[in-house]
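Student: Sequence:
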Amino acid sequence: NIEEFFMNLKRLGNSFQDAWKGIVFVFRNEQNFRIQIFVSFLVFLLVWYFPLSKGELIVIILLVFFVLILELLNSAVERLADVLKPRLSYQIKIVKDIMAAIVFITTIASVIIGGIIFWPYLVALFV
Numbered sequence: 030n031i032e033e034f035f036m037n038l039k040r041l042g043n044s045f046q047d048a049w050k051g052i053v054f055v056f057r058n059e060q061n062f063r064i065q066i067f068v069s070f071l072v073f074l075l076v077w078y079f080p081l082s083k084g085e086l087i088v089i090i091l092l093v094f095f096v097l098i099l100e101l102l103n104s105a106v107e108r109l110a111d112v113l114k115p116r117l118s119y120q121i122k123i124v125k126d127i128m129a130a131i132v133f134i135t136t137i138a139s140v141i142i143g144g145i146i147f148w149p150y151l152v153a154l155f156v
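Residue numbers for the sequence shown follow the numbering used here, so the first one is 30 and each next one is one higher.
Quick caveat, the hints were computed from the structure, so don't treat them as lab data. Every residue, glycine too, gets a C-beta built ideally from N, C-alpha and C. There could be a bad hint or two in this list.
[Stated by the list, open to error] Cut-off 25 Å, straight-line C-alpha distance, at most; resulting in silico cross-link-like pairs (DMTMM-like, lysine to aspartate or glutamate):
| hint | residue 1 | residue 2 |
| --- | --- | --- |
| 1 | 125 | 111 |
| 2 | 122 | 111 |
| 3 | 122 | 32 |
| 4 | 125 | 59 |
| 5 | 50 | 111 |
| 6 | 114 | 126 |
| 7 | 125 | 107 |
| 8 | 50 | 107 |
| 9 | 39 | 59 |
| 10 | 114 | 59 |
[As the list claims (entries may be wrong)] Per label pair, the in silico range of CB-to-CB distance:
| hint | residue 1 | residue 2 | range |
| --- | --- | --- | --- |
| 11 | 58 | 131 | 17 to 23 Å |
| 12 | 140 | 38 | 38 to 44 Å |
| 13 | 109 | 31 | 26 to 32 Å |
| 14 | 105 | 70 | 20 to 26 Å |
| 15 | 153 | 113 | 48 to 54 Å |
| 16 | 144 | 44 | 33 to 39 Å |
| 17 | 32 | 131 | 21 to 27 Å |
Between the sequences and the hints, there should be enough to build the whole structure, so can you do that?
Tutor: Written out as structure tokens, the structure reads:
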């Protein structure tokens, strides 16, 4: 049915708009997300400059987006936790700390893996 098709397209468009609003909200309200976006931009400049293999490129793209996705998830959990319990609740603090740790560990792993991938290219550039 053509009517249902266009209704589904409209819902899909609304979903994309909602997703974009979420990204903009986190960008405006979370300093860490802004920093991660900036670093992602720098990483993509390196990806563009160096002749990475297809496998290296896939790994870098996955790592960048994984960190950004986890930061978005962290922000969502923090907001939800604040609604469910007062900010000063010890249990909420623990949940927020755990979420921050997840993003932190993923970021550290991404930096290490990115360093392993980019190191030979950077050395070749300066040697």
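Student: Work down the list of hints and note, for each, if the structure agrees.
Tutor: Hint check results:
no. : hint                  : in the structure
1   : 125 x 111             : holds (10 Å)
2   : 122 x 111             : holds (10 Å)
3   : 122 x 32              : violated (48 Å)
4   : 125 x 59              : holds (14 Å)
5   : 50 x 111              : holds (20 Å)
6   : 114 x 126             : holds (15 Å)
7   : 125 x 107             : holds (6 Å)
8   : 50 x 107              : holds (17 Å)
9   : 39 x 59               : violated (30 Å)
10  : 114 x 59              : holds (20 Å)
11  : 58 x 131: 17 to 23 Å  : holds (19 Å)
12  : 140 x 38: 38 to 44 Å  : holds (40 Å)
13  : 109 x 31: 26 to 32 Å  : violated (39 Å)
14  : 105 x 70: 20 to 26 Å  : holds (23 Å)
15  : 153 x 113: 48 to 54 Å : holds (52 Å)
16  : 144 x 44: 33 to 39 Å  : holds (37 Å)
17  : 32 x 131: 21 to 27 Å  : violated (44 Å)
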